[in-house]
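**Student:** Chain by chain, the residues run as shown.
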Amino acid sequence: MLARRLLCSAVFAVSVLAGVPAQARDLMVVGFGGGFQDNARKHLFQGYARSAGVAVKDDVYNGEMARIAAMVKARDVTWDVVMVEAPELVRGCEDGTFEKLDWSVIDRAKFVPGGTLACGAGAVGWGVTLFYDQKRIANGPKSYAELWDTAKFPGKRSFRFTPKTTLEIALMADGVAFQDVYKVLATRAGQDRAFAALDRIKGDIVWWRSGAQPLQFVASGEVAYAVGFVGRTARAAGEGAAYPLLWPTLLYSFDYWAVVKGSPNTAEAMRMINFMTEPAPLLALAQDWAVSPATKAVADDAGVRARNPGMVSNHAEEGLSINTEFWVEFGDDLEKRFAAWAAR
Amino acid sequence: MAPALILVVLALVVPLLVAFATAVRDPELREAMPVTAGLLREWDGRGLPPEPLFEAAARELRAAEGAQALGALSRRLNFERSGMRGMLLRTARAEMAAPYSMALPALDARWGEVATWTMLRRAALGVTPLYLLRAVDLDVAADGSVVAQPEEEAVFLRLFGRTMAIALQVTVVTLLVAYPAAYTMARLSPGWARLATVLVLVPFWVSILVRTTAWFILLQREGPVNAALLAMGVLDHPMQLIFTRFAVVLAMVHVLLPFAILPMVGVMKRIDPRLGRAAASLGATKWQHFRRVYFPLSLPGVGAGGLIVFMLAVGFYITPALVGGNSDQMVSAFIADYTTSTLNWGMAGALALLLLVLTGLVVGLVLLLVPRLRRRMA
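Taken in sequence, the protein lines are chains A and B.
Each residue of the first sequence is one higher than the one before, starting from 511 at the first, in the numbering used here.
Each residue of the second sequence is one higher than the one before, starting from 1078 at the first, in the numbering used here.
No false leads were mixed into what you were given.
One side only, chain B facing chain A, incomplete, derived with CB under 7 Å: (1) Gly1163; (2) Val1232; (3) Leu1236; (4) Arg1298; (5) Glu1299.
Pulled a few chain A residues facing chain B out of the computed Cβ check, cut under 10 Å: (6) Glu574; (7) Met575; (8) Gly602; (9) Thr607; (10) Asp702; (11) Ile715; (12) Val716; (13) Trp717; (14) Arg719; (15) Ser730; (16) Glu732; (17) Val733; (18) Gly841; (19) Lys846; (20) Arg847; (21) Trp851.
Bear in mind the hints are in silico, worked out from the structure with no lab data behind them.
Note that the coordinates shown come from a computational prediction; the quantities given were computed from them, not determined experimentally.
Even for Gly, the Cβ is constructed at its ideal location relative to N, Cα and C.
The following block holds chain A by itself, in its conformation from the complex (with noise of 0.2 Å):
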């Protein structure tokens, strides 16, 4: 008897560790968090659940492709789709991270030039703008090469703690047009003169990595200047407070929904994405947060983009635009020499 009870125990126990209720989890959605997060959920997360008749979770997460990578080498994947930065992605498609999108679920004809690539379908595009309180400091700088005048304009600045934006504000503060920022930085002279710049005010740098932090730094008035996302200091202001959004300051790019490989519910996470990125739930999601969909319907909607001033895509014009190629060939080298100049 007793035998028979332990047997049943042991064979249950084993049932459980081999992963047998690996299909029955809820579909697994992680993204960057903040506003957008919050309203999507609503919109796009759930909505897709309504429509779908399934269950649909979600998390946040920084970007930390390590995650992600070591779940799929433990062949354990617990998250399904996942909001990914443009170089990233690249990588990741490269690696077998990211599984290649099923072109026959998600319909490639509905997103605008550059909003889609092997492993990623366009999300949502984002920017990072200089900011400042003007109830601290009525005039601030407008630009990177006043940002980078310390006697003018005393305090603390905070950027993200990447090569990615940092190098790139570094050149234009040294005098670098637009244009040419990438084709400078490609060169070891211009990754040489974008360093020295950053060492001349390295003493006043706080490096903020979540992207609530740069917020909070200005709010408490720890930090003077800071370089942050868009979405969310546009909502601030929208809040209340005095940062005014410098257009002439914005680099921007997309982020897009990848769904990670070996996931046990690839289907149903093809199926979400081609949702996520229809204009009817982006629409709705417009009415409530400031997004800039790289889905062409939305971000040519007129009304979408008169109610939201903040769009990325209303002001790709001033700003800089990310180059992914860029990255994927130079990022690990520049983040092995960003790590190694942050740390000295």
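For chain A, the structure is supplied; the task is to place chain B on it using the hints.
**Tutor:** This is chain B only, laid out in the frame that chain A set:
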């Protein structure tokens, strides 16, 4: 004895071996291009390799790209030599025809360099000293000899020095604060002692992140500390407290205090109070009694507390990242960055191994010195 041995093996030997294995493993080329790797190992390494090797490389690169398997290899080779990623991708995507020993160099001149092929040959061996060398700011040159890293990429020796310095600073300050606290606690009546223990333990149960964030709020420019100093007229401008070494040491000491106080109290409680009366009856002053009798007897507690604090401090990175400046980041921050964002587990393993060895050396030194110190003082 056996349980202790198992614990040592599980907690020390296994992590050491895993760190070492991760640091020297070099599987990327073998996995992505098995035929090329085999041919590379057979090749004598002199001059340019024969045509079959060129052909295998071209074919396997193309296949690897199609199978989404090129990423790890291009990251590995690009880590050894800048620009390799671009070369591999261009080659994998190019349309080529035999003879490949002509086609590859025509596509990218580096395929015509002996140094490229000898580097590939080293990468085909399955083990590499590269990560361990980079962890001490050395590099493998094109001819396979060991050279120093260029100045702008040499960072780790400085980082290890800084990590040890911060950990020592934190240990010393923690012990100085903890000793009088423990001394007092050891002499309290049982009821008060229980209360004191709870007071020491309460912050211990609060998450490190919360405590560090609390320091951030206290120390910021417009925070209460600066406001109080300004109001008292001590300062006329807010002082830079956050993003400094001072903030890092302060926050770490706060987090680590219980680890020093509790072992000290344990040892001090076991010191026989009759020894004090005996010393007094023999004519010793209070100070002489403390210095010659009490302090040497309490040293094992100080040593244990100090060791625990030091070993924990060496591994900190969240606190320096939140309240420290650029020049206060410690080795663990790089280990975390290599594992979570740049996916360079070889480098993470090499740094972890070195950190473990360095910490082990310091701990060994202390274990050797404390008994001697105790004998000399008594």
